[in-house]
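Engineer: Following the hints, complete the assembly by docking chains B, C and D onto the known chain A.
Each chain is listed here by its residues.
Number of protein chains: 4
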Amino acid sequence: MPTGRLEAFSDGVIAILITIMVLELHLPDGTTWHALGHQLPVLLAYALSFVYLGIYWNNHHHMLSVVHRVSGAALWANLHLLFWLSLVPFSTAWMSENRFPPTPTAVYGIVLLCAAIAFYILQTMLVRTEGASSVLRTAIGSDVKGKISPLLYCLGIGLSFVARWLAVAAYVGVALMWLVPDRRMERHVSTAHAKSRD
Amino acid sequence: MPTGRLEAFSDGVIAILITIMVLELHLPDGTTWHALGHQLPVLLAYALSFVYLGIYWNNHHHMLSVVHRVSGAALWANLHLLFWLSLVPFSTAWMSENRFPPTPTAVYGIVLLCAAIAFYILQTMLVRTEGASSVLRTAIGSDVKGKISPLLYCLGIGLSFVARWLAVAAYVGVALMWLVPDRRMERHVSTAHAKSRD
Amino acid sequence: MPTGRLEAFSDGVIAILITIMVLELHLPDGTTWHALGHQLPVLLAYALSFVYLGIYWNNHHHMLSVVHRVSGAALWANLHLLFWLSLVPFSTAWMSENRFPPTPTAVYGIVLLCAAIAFYILQTMLVRTEGASSVLRTAIGSDVKGKISPLLYCLGIGLSFVARWLAVAAYVGVALMWLVPDRRMERHVSTAHAKSRD
Amino acid sequence: MPTGRLEAFSDGVIAILITIMVLELHLPDGTTWHALGHQLPVLLAYALSFVYLGIYWNNHHHMLSVVHRVSGAALWANLHLLFWLSLVPFSTAWMSENRFPPTPTAVYGIVLLCAAIAFYILQTMLVRTEGASSVLRTAIGSDVKGKISPLLYCLGIGLSFVARWLAVAAYVGVALMWLVPDRRMERHVSTAHAKSRD
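Protein chains in written order, with my numbering: chain A, 1 to 198; chain B, 199 to 396; chain C, 397 to 594; chain D, 595 to 792.
In isolation and in its complexed conformation, chain A is listed as follows (with noise of 0.2 Å):
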C-alpha cells in the first residue's frame, strides 16, 4: 500500500495536536505584565510540547520519505503512536497548570516514553517491510539516539518524585538533544540516493 494517505492522516493528527494545547491556555486573570507572568509556566510547558511534537512530525517525515509501502500492521502501529502523542495536550495541561508537582510530572515523562516505544515500534516494522539492506535500515543506523531517549524518560519520571525541576531538566534535554536529527538521516539518504545513482 502507498504511504500518502498514511502521511496525509499523521500530518493532520499531529497538526491539530500541536494547535489545540493553545485552546489550553487560560487568558491570564488581568491585563498586567504581572498576570502574564504568572502564566509563564503554562507558557513554557506548551513550548517544549510544541517543540516535540515538532520533533516527531520531523522524524516521521524523514522516515516515510524512504519508505515505498507500509503494510497493514504498521498502519496500526501509526495509530498507536498517534494515540500517545494525542495524550501530550492532556498531560501538558495537568503537568503546568499545577506548576510542576510530582504525579504529573512523572505523568508526562510516561506519555513521552510511550511515545518513544510507540515509535520505535513503528520503524521496527517499517524495517521489516523494507528489507536489512534498505535506505531506511542505513539512515537508522545504530540508533544511538532512539536508545538513549528512553533511558532519560525512565531518570525523568524517576527524578518527579525527589526533584521536579531536574525531571523537566531531563525532558527539556532529550527535546534539545532531537532538535537536530534530520542531518544524519538526510546525509544517509543522499549517500544512497547518490549510490543507486552509480
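Calculated from the structure, these hints are not laboratory results. A few of these clues could be false.
As the list claims (entries may be wrong) - Residues from chain B that keep clear of chain C, each with C-beta distances beyond 12 Å, as calculated: (1) L241; (2) V264; (3) A304; (4) S332; (5) P348; (6) L349; (7) L377.
What the hints assert, rightly or not - Pairwise CB distance ranges, derived in the manner of DEER restraints: (8) B:F359 / A:G141: 55 to 61 Å; (9) B:M375 / D:H628: 52 to 58 Å; (10) D:C748 / C:H430: 56 to 62 Å.
What the hints assert, rightly or not - Only some residues are given here: those of chain D computed to face chain C with a beta carbon under 10 Å: (11) A609; (12) I614; (13) A641; (14) G648; (15) N652; (16) S659.
Quantities reported herein were computed from a predicted structural model and do not represent experimental measurements. All residues carry an ideal CB built from backbone N, CA and C; glycine is no exception.
Structural biologist: Just chains B, C and D now, with coordinates in the frame of chain A:
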C-alpha cells in the same frame, strides 16, 4: 469524479474527530495517582473511541484505494457517514463522564450502529458504480464482519438497560473483531492486481 | 497559479468547521432520554449546519474541479467565503442554545446570506479568469438555485421576527433545495469532457 | 527534500488556527442586537486576526510555490513561524475580551512582530538554499513591505501604552498594506517563468 479530494476531506474530518476527543478530557481534581485513577473510565472510553475511529479510517482507506471514481450521491453518503462519526466524541463524553449509566451507554451503541449503517450505504453505492465484477466487490466478499457488527451493536444497546458492563463488553468485542480488518481486503486486492497482470 | 493548495486549505478549514461544532454540544443535564430530548433542538440545529457546510464543500469541490488556475484575487475571495463559513458554528450555537429567539435566528440567516454572496463573488472571479466559453461558465448555466437562495435567506431573516419556525423552515428549505446540486454540474462537466474528446 | 509535506503540514496548522479562534467567541449574554453589539469588539478582533493568518497563508503559499527543496533547518524555521502564529488566538482573546487594555494590546503586537521575524528567518534560509539568482530571490526584490512591517509593529507596541486605538490602527494598517501582497510576486514569477522558456 476522482477520489482524491473525497479522501483528503474524510482524512481531515476523521483526524480532527480522533484528536478533539482529548479536549473533552477534564483535568483530574488534584495531582495524585488516585485523582488520575478516578479519571480512568474516561480515559479508557477515550481509548475505545480512538480505536473505533481508527478502524473507520482504516476501512475507509482500504475501500477507497480500490475505487476509481465517485458519484455525487456517494459524496453525500460519505458526508452521512462523517455525520454519525462526528457524534462519537459527544456520546463518548456523555457515557464516560457519568460512569456508564444505561441511557448514555445505549446512545453510544446507537451512534455506532448508525455509523455502521452509513458505512454499509456508502459501500453499496460505491459497489454499484464500480460494478459487480470489480475488485471492490470481490474484496468485500460475503462481508461477515459487516453483518455481525450491527447485531452486536443491537445486543449492546439492549444490554445497556440490563447489565451495562456486558454492553460495554459487546462494544469492545466489535472493536477487537475489526482490529485486523485489512488482511482480507489486502489479500483480495493483491490477488486481483496479480490477475490483472496476467 | 494551480488550484491544489487552495483546495487543500479550503478542505482543511471546512473539515475543521464541520467538526468543531460538536464541541459546542453541551452534555445533557442528567442521563435520561428526557435530558437528551431537551438537547434535541441543539442537535437538529447542528445537523442543519452540518448539511450546510457539506453543501458548501460539495459545491466548492465541483466548482474547483473544472477550474485550471486561480488568481491572487480569487485566493482572497476564497478566504472571504471561509470567513463567513467560520461564523456558522457561532451563530448555530447562539440560535439553538437559546431555543431559536428572533434576533439570533435572523443572525443565522444573515451569516448564510453573506456566505452565499461570498460564494457568488468567488464564482464570478473564477469565471472571469476561465473565460465566458469555459466549462465552468457552461456548468453554472442560469444558476437558478444561486439566485433563489439569497431571496429565501432574506425571507427567513424577515420571518425571524414574525414567525420564527417559518424562518427555520426557510433555511431548511434552501438546504433541501441544494442537497442534490451536483447532477447539473456533473452532467455539464461530462458533456463538456465528451465534446473536448471529439 | 521536496516541499509537498511541509506545505501540507503548514496548511493544516494555519487552517486549524484560523478556525479555532471561533471557539474563543463566547456567546452573547442575551439574545438581542444590543447583546451582540457588546461582542462587536471581539468579533472585529477575530476578523483582524483572520485576515492576518490569511495573509501569512497567502505569502507562505506564494513563497513555497517557487521553492524546489527545503533543508532540515528550514523545516525548523517553518515550525518556529507556526509557533508564533499559534499564539495569535491566545493574544487575540486576551486583548479583545478585555476591550483592548495597554499590556494585552502590546502583547498582540509582540506576537505579530515575532511572527514577522520568524517569516523573515524562513525566507532567508530558503533563499540561501535556492541561490542568489533564483526566482525566489528575484520575486522578493527589495522587500519594502517586509522591512516596514516590523517598524509599524514596534510603533503599535509603543502606542499601546499611550493611545491604544492608535496601536490597533497600526496593526490594521499593516494588514491593509499586505492585503494585496501577491501581485508583485505573481508578476516576478510569471516573468521568470517566461524568461526560462526563452
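Engineer: All hints are to be evaluated individually against the structure, with a verdict given for each.
Structural biologist: Hints, one by one, checked against the model:
1. L241: 17 Å, holds
2. V264: 22 Å, holds
3. A304: For A304 (chain B), whose nearest Cβ neighbour in chain C is about 9 Å away, the distance does not exceed 12 Å, so it is violated.
4. S332: 20 Å, holds
5. P348: P348 (chain B) is indeed farther than 12 Å from all Cβ atoms of chain C, at 22 Å.
6. L349: 23 Å, holds
7. L377: 24 Å, holds
8. B:F359 / A:G141: 55 to 61 Å: 58 Å, holds
9. B:M375 / D:H628: 52 to 58 Å: 56 Å, holds
10. D:C748 / C:H430: 56 to 62 Å: 59 Å, holds
11. A609: Holds: closest Cβ of chain C sits about 3 Å from A609 (chain D), inside 10 Å.
12. I614: The hint holds - I614 (chain D) has a Cβ within 10 Å of chain C, the shortest such distance being about 7 Å.
13. A641: 7 Å, holds
14. G648: Holds. Min distance 4 Å.
15. N652: 6 Å, holds
16. S659: Result: holds, 7 Å to nearest chain C Cβ.
When the structure is compared with the earlier hints, a violation turns up for hint 3 alone.
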